[in-house]
Amino acid sequence: MLEVKNLYCERDERVLFEHFALQINPAEVVQIIGQNGSGKTTLLRILCGLSDAYEGELLWKNQAIAEVSRDYYQSLLYVGHLSGVKGSLTAEENLQWMVQLDSSLNKCTIAEALKQVGLYGFEDVPCHSLSAGQQRRVGLARLYLSSAPLWILDEPFTALDKQGVSEKEALIAAHVAAGGTVILTTHHNLVIPNQTVRYIDLDKAA
Amino acid sequence: MNFFYAALKRELLIAFRHRSDIINPLAFFLMVAVLFPLGVSPDPEFLSEVAAGVIWVSALLACLLSVDGIFRSDYEDGGLEQMLVSSESLWVMVTAKVLTHWLISGFFLTLISPLVAMMFFLPESAYFSLMASLLLGTPTLSLMGAIGAALTVGLRKGGVLISLLVLPLYIPVLIFGSGTVQAGAMGLPIQGYIALLAALLVFSLMLAPFAIVAALKISVRS
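Line by line, the protein sequences are chains G and Y. Take 1 as the starting number for the first sequence in our numbering and just add one per residue. Take 207 as the starting number for the second sequence in our numbering and just add one per residue.
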């Protein structure tokens, strides 16, 4: 459903991708692997329309993403390197805003999502006084809320504890089992129960 | 429309959680106004002559000082990226942000401006023209300043650049703004000045949000 054709991207006069092609199908987990600086985040940002520094074609359901951007963004959940969580707002206020931004965050209530990520009892605490892992959890609560078919996750497990990681892996498995697609980068050993992970190695792409 | 209120509510909530952001421009405005007579001359006749210019210049600088940070925290914590990948309109979010900036800077400045006018022995007949000119002029300052802030948000040291970008745009507002107050102090009609300030406001209200959205996209995507 998502297709990249003939992608060319250079950064600081270093070619990251040349003649790079990628086809993402429904109901699969795609893990982008590669060394630091190999362009994993750059690729995900290009896929999300957050970077213009490339040449090539991006297709969503066989149409150019720029032309169907509204439909594309409604089907997309992007969790970036930066969590998008505002320190001066509480976990609940942050999620309320995210739900406003993204109408596909409608699977359960905010209170339910916060309980799922283990922040029950912390919903009234400003996020700047939460730990790094807890702040990450606020951002990842969107995964419980989201009914968007395509998830693009950039290093979602940073600062999470072991239990948090396995919960998110189970969540990804459930999402894929329901026909969703996940594209992610991580340096963890990804174990998705009952699903095979497709690897895209960027070290070989350049 | 609901989305606009939600965005406005969030911005106001953030602003009130960071009280220093509200107090800073006001304190700057008051400090310039208090220090100026001490540094130059406390002579009432002299002060009432320069009052219009000094009050307008300090309001303009207070606005410029605070507009720099309008998109900074959203850029740094990734909130801006989330706004760009949202199917909601960035235009609405930007308008809510600028409105909030104006409410906590320009609007409060307008409210306390009679106090400063009193310290400068501005004739009472000019109070109305002062407040009217600030009320119409400061939103234009916020809108134009936000264009500069959006262009420089991705740069590590945007502070100097934003002044260079925005100051030329501020000059007409300053000229007509202080002109309004001077005309008011001399008992001349101010309708012409007010109309020009209102025209500048309508013009920037129409075009600035689009420029801000485009500039933000450039800043994030490059």
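These are calculated hints, taken from the structure and not from any lab test. All values derive from a computational prediction rather than experimental measurement. Glycine is no exception: its CB is placed at the ideal position from the N, C-alpha and C atoms. There may be inaccurate statements among the hints.
With a cut-off of at most 25 Å between alpha-carbon atoms, the simulated DMTMM-like pairs for lysine to aspartate or glutamate come out as follows [said to hold, decoys possible]:
no. : chain 1 : residue 1 : chain 2 : residue 2
1   : Y       : Lys423    : G       : Asp71
2   : Y       : Lys423    : G       : Glu112
3   : G       : Lys115    : G       : Asp52
4   : Y       : Lys215    : G       : Asp52
5   : G       : Lys204    : G       : Glu18
6   : Y       : Lys423    : G       : Asp124
7   : Y       : Lys215    : Y       : Asp274
8   : Y       : Lys423    : G       : Asp12
9   : Y       : Lys215    : G       : Glu18
10  : Y       : Lys423    : G       : Glu123
11  : Y       : Lys363    : G       : Glu13
12  : Y       : Lys423    : G       : Glu13
The following residues of chain G were derived to be distant from chain Y, with all beta-carbon distances above 10 Å [claimed, not checked]:
no. : residue
13  : Asp12
14  : Asp102
15  : Ala178
Tested hints:
no.	hint	verdict
1	Lys423/Y to Asp71/G	holds (19 Å)
2	Lys423/Y to Glu112/G	violated (34 Å)
3	Lys115/G to Asp52/G	violated (38 Å)
4	Lys215/Y to Asp52/G	violated (32 Å)
5	Lys204/G to Glu18/G	holds (11 Å)
6	Lys423/Y to Asp124/G	violated (33 Å)
7	Lys215/Y to Asp274/Y	holds (21 Å)
8	Lys423/Y to Asp12/G	holds (20 Å)
9	Lys215/Y to Glu18/G	violated (45 Å)
10	Lys423/Y to Glu123/G	violated (32 Å)
11	Lys363/Y to Glu13/G	holds (23 Å)
12	Lys423/Y to Glu13/G	holds (23 Å)
13	Asp12	holds (13 Å)
14	Asp102	violated (6 Å)
15	Ala178	holds (21 Å)
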